[in-house]
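J.: Got chain W; can you put chain V on it based on the hints?
Which chain is which? The protein sequence lines are W and V, in order. Mapping of the first sequence onto numbering that gives the first Met the number 0: position 1032 corresponds to residue 1031, and the numbering continues sequentially without gaps. Mapping of the second sequence onto numbering that gives the first Met the number 0: position 141 corresponds to residue 140, and the numbering continues sequentially without gaps.
Because the hints were derived from the structure by calculation, they are not lab data. Be a bit skeptical, because a hint or two may be false.
Derived DSSO-like pairs (lysine-lysine); straight-line CA-CA distance at most 27 Å [to be verified]: (1) W:K250 <-> W:K507; (2) W:K583 <-> V:K162; (3) V:K10 <-> V:K64; (4) W:K189 <-> W:K168; (5) W:K507 <-> V:K158; (6) W:K744 <-> W:K571; (7) W:K507 <-> W:K557; (8) W:K319 <-> W:K437; (9) V:K181 <-> V:K98; (10) W:K583 <-> V:K98; (11) W:K426 <-> W:K437; (12) V:K158 <-> W:K333; (13) W:K583 <-> W:K571; (14) W:K520 <-> W:K507; (15) W:K767 <-> W:K744; (16) V:K165 <-> W:K583; (17) W:K333 <-> V:K64; (18) W:K437 <-> W:K333; (19) V:K181 <-> W:K333; (20) V:K10 <-> V:K98; (21) W:K333 <-> W:K196; (22) W:K437 <-> V:K64; (23) W:K189 <-> W:K309.
Please read these numbers as outputs of a predicted model, since none were measured by experiment.
Residue strings, one per chain:
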Amino acid sequence: MFNLSSLVQKAQQFIDPTLSQTTPSTDRRPSKSTLFRHQFRLPDTQNPLQEITAELTLSSHHSTRSSSDHPDDEERGRGNRYVGKLHLSEQFLCFSTQGSSFLNTASLSSSSAFTGQTHGAGPAGNGFTLPLCAIRRVERLHSQSYMFALAITTWNGFGEQSKKEGGQKLTIQLAGSRQQCERFCDRLKKGLREGIKEVENLRAVASQCYSEYLLANDPKKKEEDRKQESKREAPDTGLGMIFRYPGNPRKLRDGTKMRLWREYLNENGRNATLIRQPTFHKLIRVGLPNRLRGEMWELTSGSFFLRLQKPNQYAETLAKHEGRNSLAIEEIEKDLNRSLPEYPGFQSEEGIGRLRRVLTAYSWTDEEVGYCQAMNIVVAALLIYMSEAQAFSLLSVLCDRLLPGYYSQTMYGTLLDQRVFESLVEKTMPILWDHLVKSDVQLSVVSLPWFLSLYINSMPLIFAFRVLDVFFLEGPKVLFQIGLAILRINGEELLDASDDGTFISVLKSYFARLDESAHPKSENPKLRAVTRFQELMVTAFREFAGITQNTISEQRAKHKDAVLENIENFAKRTSIRNLGPDSKRLSTNDLGFMYDRFYGVLYERQQRAQMFQQEADRRAKASGTKATRIATDALHNNSVEMGRVAVGPSPTQMDYDAFREFLAGITRWAVSDSPSSPQDANAEKQNYSYFGNSMRNRSVALSPWGAGPEPADHEFMQRLFRRWDVNMNHALSLQDVVTGFAQVKGTKDIMSNISYFFELYDDDGDGKVDREGILRISEALLFLSRRGLENVPSTSASLNSLQQKESTDNVGGGRENRDEQILSSISAFIRRCFEYADPDHAINQTDNSSNKLIDTTEKAVDAFSIGDDEDEDDLLSFSSTPSSPKPTDPANPTQTTGAPLQMQPPPSTPLTPKPDKHTANAALDPTKPLYITLPTFRMLILADETLESFFESAFANSFRLADGPSSAPSTTNLTTFANVNAPSRAAAAQALSLPQDAAGVAGPGGKGLRGMLDNIVSDGMRVAAEVRRRMEEAQREMDRAAQQGASYDEDDEEERGRRIGRVGNEVVEFER
Amino acid sequence: MADSTGAAAPKPSSSVKLVLLGEAAVGKSSLVMRFVNNDFQENKEPTIGAAFLTQKCNLPTRTIKFEIWDTAGQERFASLAPMYYRNAQAALVVYDITKASSLTKAQHWVAELQRQASPGIVIALVGNKLDLANAGGAGESEDDADGVPDEEGDSDARKVPTKTAKAYADEESLLFFETSAKTGMNVAEVFTAIANAIPETQLKGPRGVGGQTTLGSGGQQQDASRVNLAGAGTAGAKEGCAC
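For reference, chain V alone in the conformation it holds in the complex:
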């Protein structure tokens, strides 16, 4: 739990509750480890219920402190999830690009969040384990502006084409990234994009002022955040995260 950026400028600071959801072993905990400690452990202790971690993210205008709930992925833990996504302002729904069923599960989570979580929750769809896909990396952007790799090679472990997931994310107005917790690729970008996508009015104070989270304006906020999402992916990447 390293608040590595404690010495940041006195910018307005606010905390954001973020929950990670997704099938077992897609790399939720690894993503968080990479984001929080910039570390990758091959053998992570499984999450019992959910692990709690925090990390700050410096944006040009403000500091966001992420309170991250990293939930257990095993199917039977699903009924515990509401406990963790309650009041969450952001969610990272993670799937494994080498396992098609994990995207289906991710879609279920998105549906669950859209109906049950607080309105206006910012959802990012994240395809992890990009390091296992051959077509990933630099070649991607050259081939296609949308970051769609052309053809999957035979030796490629990728099972979920970027195009499929991206189309789904667009349809549901989700942020979308493909990441590798192992190499660190795109990990910080995901969190920065989320930080940017959360509208100012949704943010609660650094501590103790939690009660003021927008209840009445929830419906309007939803629209605002959705509008924000469209451009967030690219914008966020440039700004970068302090960690």
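This is chain W alone, in the form it adopts within the complex:
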């Protein structure tokens, strides 16, 4: 069976050839820019532009004020020095002591994120992440000549206070060649100029930070200053302000923590200008104070920088989608009342309102994720400490970066991390792992909620928030470290548990007693004071310090394929099983094939669209519209791997173009004969001008159909699409396609197949198909059979003998004979259609006219499918009348049918209306509407063996599913045109020199039967189109005549009938 993932991989290789070279795994190595952004938690718009080794010196005034509080910290008096790397991006200046190199010029192997142990500092290490707009001035210091030093002054606090204090100063010495340093500074200068634009944003965002408020109300300040500043209202720090923060503030030592933070912020800057020193990380480890918690989460996770770029995104998103509904919103509503219901804030309309707005706004910004249960719990927890806008951007960071794929449609990230967790348990606690395996306990039934709701649902809130504090600083590895520590601490009890139930209850009671002493019986009062939670933190970060982000990345890469494949198999299995009763008419293999093909096409199209988009982006970028792109799509993580069903977000609906591509992969007739690729775009178009009516104007960009064959676009396909599109939303789901196929392929009953086809053309559903419809049916039959029919049973004696006879003559003769057979069957069908059609007006049913009708239509239709060059000449002459809407181009010299070039319309042929016999060509007379009914149609089909077999099996068999070739059919089949090879061209040239009458006769001899048949087929199609066009013209004439009150167009009809009749005779001759 065709495997989707292999297809997907193939597609990926096609799209990005470098992928296939790296590893067979679908996991691609993150780009340098990604690593850079992840280390400093920067928005996706940022790229590493410059980097240089540097030494950061924090000037002594940093610590002067607090030196009394930290007498032990002597180092501070002299100013702290840090050696690290200074990086510059478009909007940020970052410094970190964690060694890393992201420079574009570095090779992939030499660029690396710091993924080793961070000793609590998180990936960004000690240093700073300064938005350029937060830098007030940069001075080149005149020190020793060999030193290149910069003094940076930041906007430390806006307004009066900042002016008075002169902001915060830091000194950086760049270590590099003078040239390097100059380059860095040039780029920095440019960035600073750009940064001025962002100052207003910074002012707005900073004013919402509690740190600003906190420092403005410094109790150490003079009384009048405080009065002045304290007029400001405290910024929104979450529901806790109204409904109290969880836990006992005294027990949490909130006051002490706040004091320490005030000191730290005073010395090291606040919000945008904060400098990370070791104390910073220590203060986070012991738990953030309630009112600063939200802000610090924002800063450490990087969501602050998102908000800085788009301060109003939250409000704008809400406003933009106000009043709209969606599935996500319905799901959100269901859960609003059950998100942390134990917290008083969420028993109130206020809290629930906030939760609703944040979840809804996010569901609009990322509709692929929408809403996933557990997000409500996480957001509810965030909202206790943060404003709505803060929670909104933090949720973006969570979904895009910290918990990739956790809340996606397939939750592949969750499943993957569970697998990773299991493998880590196996590695670090082999005995426990063996026990789990032996007692058949599945670890993820326990650990999945831990990860999915960040322990918020598992531990008492106050402890879960402590975990979150560290999680935002240090990243996803924290979840694993805590999880491992939980198992390690409870290891012995867990070894006694032998089923899910006991396992769960052990852990449940452990979580319930986290606040108790870890060593209640210890003599040592200090040891006795250690709570179980503290023990957990120590175990997690000391004993499992070896679990780094790098470990997690490696494990993820290792297990990704297996996890994705599992999900894909599950999705496929479920999807196929849920296709409803119609699907039972198809084999499981067929369904599986169809599933793969359906999503394969959608996936490939998506990838191509993405490629085009990137190409367009690239061009837009090149043409200098870069500035507008900055700050766009910050929420969209472009590095997210798209397309695999399991990774989602994949489309599930197929539009008409996708449907064409889908069909082209499983039928021969849906492959275009005239690919629009430039090299053979010469003659084909002409030859199939017949398709020109329905061919849409399509810009031929770089191969819009990918590697596959270009699909045809025929009216029949449109009808099929409309018929299958039961919901009338111009898109097909897999269900629609399967139901559609079940109707076509799932029945062996010829009668229902015939009715199905008839209904396709019975537009108004009144059981009648009019003249137009009859023509369209014939066109469709020609279209479907133009590459020959499949599995035409050769039971028919005549056909059999014919085939035998032919096969002795030349190879492939049977084939050609069959083609001929089809042609004559279809022409006979058209003839009979008109013969047995019911006139729509009682007036027409006079004996006289009906006789004539039959007579003339017979002739007319003889000419229909088998026209020779002369006939074409005549027909085409009509097209040169000025009223023709879509004139074909008769003079195209590249026509290989050997059409003579002398195509001057004979003087008598233009539509010179002459009042004459009215009924002469009633079949084509628009004033005489006629129709066939289903029984008539059925009779006509059954009257012909070829058509009968077409409806009995060939049509259904033309769709090749599981049993057929898995790839798109090769185009080596008899395409009516592609086979015109050199000899036949020569023959055509020869024919050109022959007298007109001889051309048709000379054809067979000169070109060989194959070439001739090709011509016949194409001619037939052309004739059908011509007749159609002439009818339209006649209709127009009619209308005009009706206006003039004259009836002189009948003569034209007669004339036409005569002409067609003549042509018909010639054809008959030719056939003999």
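T.: Quick look at chain V alone, frame taken from chain W:
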């Protein structure tokens, strides 16, 4: 997690893994809450992944300890379900009688279980929120022996006729109940019926002997349990549950 019947007679006791499946907000968690705590909470915290609860059920001849996995109903959690129904001996597939689409989803789950879960798994189809249907309750049995209400009233929130669901359940040999977690109606009966429908040989010991779950005899057991199902609905209701 109240083992309220801890003081039961020393009857043979065995544990049964039961999984609840169904669309979101059809009342799976409420059913379990009613069964385990005899309690109904209007606003239940949503289930993340799955909640685990246990409850004992006393039958005349034995005690069954249900280990209940109450799974999340949101569509995207479906891919996690195999984790929970693995090795399950019984499944409660729940739909909401006031929401037609939830029955379709339930049918998908039944199909999934029949193909992927352990053979012989006892499946009960449960239409919840009976309290929202006017025609429910006492009138039902008088109208029709099969418990089919005659006509749905205009003000009735019911969207899934009992007849439809019952016919489907019969066709697939499922136990079938309509319940109300809110009023408690039929809730205990469902679990008792399941307990009765599980053949003795399928039961594993109270603890630790899990390995002996019938592997080889799975196919035969299936038949046995199916036979059992037919009469289980009525039989179970009489015996009642200890809780």
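J.: State for each hint whether it applies.
T.: Hint by hint, here is what the structure shows:
Distance hint between K250 of chain W and K507 of chain W is fulfilled; the C-alpha atoms sit about 23 Å from each other, no more than 27 Å. Between the alpha carbons of K583 of chain W and K162 of chain V the distance comes to roughly 24 Å, so the proposed pair stays at or under 27 Å and holds. Straight-line distance between C-alpha atoms of K10 of chain V and K64 of chain V comes to about 12 Å, which keeps the hinted pair within the 27 Å bound. Straight-line distance between C-alpha atoms of K189 of chain W and K168 of chain W comes to about 21 Å, which keeps the hinted pair within the 27 Å bound.
A C-alpha spacing of about 40 Å is found between K507 of chain W and K158 of chain V, which places the hinted pair above 27 Å, so the restraint is violated. Between K744 of chain W and K571 of chain W the alpha-carbon distance is near 21 Å, which keeps this suggested pair within the 27 Å criterion. Distance check on the hinted pair: K507 of chain W and K557 of chain W sit about 31 Å apart at the alpha-carbon level, beyond 27 Å; violated. A distance of roughly 55 Å separates the Cα atoms of K319 of chain W and K437 of chain W; the hinted pair therefore is violated under the 27 Å criterion.
A C-alpha spacing of about 17 Å is found between K181 of chain V and K98 of chain V, which places the hinted pair at or below 27 Å, so the restraint holds. Between K583 of chain W and K98 of chain V, the direct Cα distance comes to roughly 26 Å. Compliance with the 27 Å bound is thereby established for this hinted pair. Our distance criterion of 27 Å between C-alpha atoms is met by K426 of chain W and K437 of chain W, whose separation comes to about 16 Å. For a cut-off of 27 Å, the pair hint linking K158 of chain V to K333 of chain W stands: about 19 Å separates their Cα positions.
Taken as a hint, the K583 of chain W and K571 of chain W pair is honoured in the structure, with Cα atoms around 16 Å apart against an allowance of 27 Å. Restraint check: the Cα-Cα separation between K520 of chain W and K507 of chain W comes to about 22 Å, which is no more than 27 Å; the hinted pair holds. With a CA separation close to 24 Å, the supplied pair K767 of chain W and K744 of chain W stays within the 27 Å bound. Our distance criterion of 27 Å between C-alpha atoms is met by K165 of chain V and K583 of chain W, whose separation comes to about 23 Å.
Note on K333 of chain W and K64 of chain V: the hinted pairing is violated, with a Cα-Cα distance of about 31 Å set against a maximum of 27 Å. Simply put, K437 of chain W and K333 of chain W have alpha-carbon atoms about 39 Å apart, too far for the 27 Å limit, and the pair is violated. At most 27 Å may separate the alpha-carbon atoms for a hinted pair to count; K181 of chain V and K333 of chain W meet this at roughly 17 Å. A hinted pair counts as satisfied when its Cα atoms are at most 27 Å apart, and K10 of chain V with K98 of chain V does not qualify at roughly 41 Å.
Under the criterion of a C-alpha separation no larger than 27 Å, the hint pairing K333 of chain W with K196 of chain W is inconsistent with the structure, at around 43 Å. A threshold of 27 Å between alpha carbons decides the hint, and for K437 of chain W with K64 of chain V the separation of about 22 Å falls inside it, so the pair holds. Proposed proximity of K189 of chain W and K309 of chain W is supported: the alpha carbons are some 21 Å apart, at most 27 Å.
The structure fails to meet hints 5, 7, 8, 17, 18, 20, 21 from the earlier list, while all remaining hints are met.
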